[in-house]
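Visitor: Based on the provided sequences and hints, a complete structural model is requested.
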Amino acid sequence: MPEASRPAPRNAVASLLLIAGVVAFSAAAFAYTAGWFSPERLTPQKLVDGFDLRSPPPLGHRRNHAKGICFTGVFESNGSGSELSRAQVFVKGQYPVIGRFNLATPDPNADDAKVRVRGLGVMISTPDGQQWRMAMIDPPFFPVATPEAFHALQIAAASKEPDAMAKFAGAHPEFAAFGGWAKSAPWTGSYVEERYNSLNSFIFTDGSGNDHAVRWSLAPAAQPVPVPPEELAKRGPNFLESEIADRIKSGPLRWTMLVTVANPSDQTADPSKAWPEDRRSVEVGSLIVQRIEPERDGPCRDINFDPAVLPNGMRTSDDPFPAARSSAYRVSYDRRTAEEKDYPRTATGSAQ
Amino acid sequence: MTNIPRFTPLQRTLHWLMGVCILAMLFIGVGMASTVAPKSLTLVAIHKPLGIAILILALIRLAVRLRYGAPPLPADLPEPMKLAAHLSHYALYALMIAMPLIGWAMLSAADYPVVLWPSVWLPQVLPQSASLHTALWNAHFFLAFLFFALILMHFAAALFHALIRRDGVFDAMGPVLTHNEVAPAE
Chain A
369 MPEASRPAPR NAVASLLLIA GVVAFSAAAF AYTAGWFSPE RLTPQKLVDG FDLRSPPPLG
429 HRRNHAKGIC FTGVFESNGS GSELSRAQVF VKGQYPVIGR FNLATPDPNA DDAKVRVRGL
489 GVMISTPDGQ QWRMAMIDPP FFPVATPEAF HALQIAAASK EPDAMAKFAG AHPEFAAFGG
549 WAKSAPWTGS YVEERYNSLN SFIFTDGSGN DHAVRWSLAP AAQPVPVPPE ELAKRGPNFL
609 ESEIADRIKS GPLRWTMLVT VANPSDQTAD PSKAWPEDRR SVEVGSLIVQ RIEPERDGPC
669 RDINFDPAVL PNGMRTSDDP FPAARSSAYR VSYDRRTAEE KDYPRTATGS AQ
Chain B
568 MTNIPRFTPL QRTLHWLMGV CILAMLFIGV GMASTVAPKS LTLVAIHKPL GIAILILALI
628 RLAVRLRYGA PPLPADLPEP MKLAAHLSHY ALYALMIAMP LIGWAMLSAA DYPVVLWPSV
688 WLPQVLPQSA SLHTALWNAH FFLAFLFFAL ILMHFAAALF HALIRRDGVF DAMGPVLTHN
748 EVAPAE
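From first to last, the protein sequence lines stand for chains A and B.
Take any residue in the first sequence, count from 1 to its spot, add 368: that is its number in the working numbering.
Take any residue in the second sequence, count from 1 to its spot, add 567: that is its number in the working numbering.
There's no promise every hint is true.
Unchecked claim - In silico lysine to any residue, SDA-like type, Cα no more than 20 Å apart, as pairs:
1. B/606 / A/382
2. B/606 / A/709
3. B/606 / A/699
4. B/606 / A/409
5. A/414 / B/696
6. B/615 / A/401
7. A/414 / B/598
8. A/709 / B/696
9. B/606 / A/587
10. B/606 / A/408
11. B/606 / A/402
12. B/606 / A/401
13. B/606 / A/516
14. B/615 / A/699
15. A/414 / B/597
16. B/606 / A/398
17. B/606 / A/514
18. B/606 / A/656
19. A/709 / B/699
20. B/606 / A/413
21. A/709 / B/702
22. B/606 / A/688
23. A/414 / B/708
24. B/606 / A/637
25. B/615 / A/402
26. A/460 / A/656
Rather than coming from a laboratory, the hints here were simulated on the basis of the structure.
Guide: The following block contains the structure:
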């Protein structure tokens, strides 16, 4: 193109400054979005780092609920859940499950008798290619009301200041109820005797498009037998895992899934507050555990029981925890899968 | 009045549409990874279908480019700038196609579902594998920043052509002609 045909150039310096400005502004906007100018933003990385404050991270393992054992089985739906959600998992039938019993501790070698909170991760797959993943625990309510309060709890629990926990409890009055539960609730000698609760609220949508705010629980078929913790301490550091591995030999283990429906006046945003006992509860089916496998080579090992993985017909509510848990679980997953060499499979185990 | 060779209207439409999508995609990506707030789930829910949309648009765009080509760069453009222009465009095409595929494969290697719409779940394209997941995660992460850096260079180069060289390169892809009407074909 001949030079002469071009319009006269504008002020080149001004143009260069404009170009530099556009590039700098774009880069700054990107950095802002990524949180580089917002050190106060609660990131999933901070939440996961919060579990490492008291002890070095358990390389290759989940950053919390690090100790666990895998199972496979089925969810046997009785069809009743269809009145609440159109998800295929509530159509009468059996659907395969991969799951994990676990302890709420960042220590994969923790003593079973020393961990107060027990958990259950479940992934149900349905023929339509969708999944329902959940991670539940056995207290009837969550210790704190918000993800920010949970992070404050992590910091207070790791603090060397003697009054850190007292200060935390003062600022988060909901925490007292959890302390009461931890002191007074009976311990049992088995994963099989625990009731596991979603705690978080979700929205189910039925076939007519109506929404229902729900929480759910898995109630054990086995009768809970209270055992004092000092008695449990004598059973060895892994008594929960050996007990369930023994118990499965006499047949499958069952839980009933109960979906509790909120009344219109019930809040759904705060999992530290249980709903009143008289709320409608729908028995939607049974979890049947058929096979127990050690985690190291087990099918649950590299599954993220991300509570935001929900089939069509379920979604998150205004409860902020599923989003926070989902983002933190993913960071934990990214870290532990990158550390596979620190938690190698046995020679006979193979990547599935 | 010089004849300013331009991309076809279809190519220009694809370029600007994809430019908006890709910029949104990169901002959504760094945003969703940096917060535990409920909006992170919303952003994730946009990131996946938008990524697949970009993949489809990029494949269409590649086919259109192969069919219709591109206007030549100005003959007086210095060789290093020509080389930079060609290489950066190869890189941009490669990233437009590779990034969604890497993301899809990364989710598959973690056994995460790829949910486009509540009722549309894509199949897994890889078996679950910790080592593959780690490699793909690293690729997705670092290539995203490379992609953004290339786009910034692309901005700078486009404005350099538009404001300083005023050589018609910007107009070839511009949504509207900034100063010259296209002369009738020779």
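Visitor: Next step is simple, just say for each hint if it's right about the structure.
Guide: Now the hints, each set against the structure:
1. B/606 / A/382: Judged against 20 Å, a Cα distance of about 40 Å means the pair is violated.
2. B/606 / A/709: Since the Cα atoms of residue 606 of chain B and residue 709 of chain A sit roughly 34 Å apart, the hinted pair is violated (cutoff 20 Å).
3. B/606 / A/699: Holds: residue 606 of chain B and residue 699 of chain A sit about 17 Å apart, inside 20 Å.
4. B/606 / A/409: Holds - the C-alpha atoms of residue 409 of chain A and residue 606 of chain B are around 13 Å apart, at most 20 Å.
5. A/414 / B/696: Violated. Residue 414 of chain A to residue 696 of chain B sits at ~26 Å, over the 20 Å cutoff.
6. B/615 / A/401: 18 Å, holds
7. A/414 / B/598: 15 Å, holds
8. A/709 / B/696: Holds - the C-alpha atoms of residue 696 of chain B and residue 709 of chain A are around 13 Å apart, at most 20 Å.
9. B/606 / A/587: 32 Å, violated
10. B/606 / A/408: The given pair, whose Cα atoms are some 17 Å apart, holds under the 20 Å limit.
11. B/606 / A/402: It holds: about 14 Å lies between the C-alpha atoms, which stays within 20 Å.
12. B/606 / A/401: 13 Å, holds
13. B/606 / A/516: Since the Cα atoms of residue 606 of chain B and residue 516 of chain A sit roughly 15 Å apart, the hinted pair holds (cutoff 20 Å).
14. B/615 / A/699: Cα-Cα ~18 Å, so holds.
15. A/414 / B/597: 16 Å, holds
16. B/606 / A/398: Roughly 17 Å separates the two Cα atoms, so the pair holds.
17. B/606 / A/514: OK: residue 606 of chain B and residue 514 of chain A at ~15 Å, within 20 Å.
18. B/606 / A/656: 35 Å, violated
19. A/709 / B/699: OK: residue 709 of chain A and residue 699 of chain B at ~13 Å, within 20 Å.
20. B/606 / A/413: 16 Å, holds
21. A/709 / B/702: 14 Å, holds
22. B/606 / A/688: At roughly 10 Å apart (the allowed maximum being 20 Å), residue 688 of chain A and residue 606 of chain B satisfy the hint.
23. A/414 / B/708: 18 Å, holds
24. B/606 / A/637: OK: residue 606 of chain B and residue 637 of chain A at ~15 Å, within 20 Å.
25. B/615 / A/402: 18 Å, holds
26. A/460 / A/656: The hint holds at about 15 Å.
The structure shown violates the earlier hints numbered 1, 2, 5, 9, 18.
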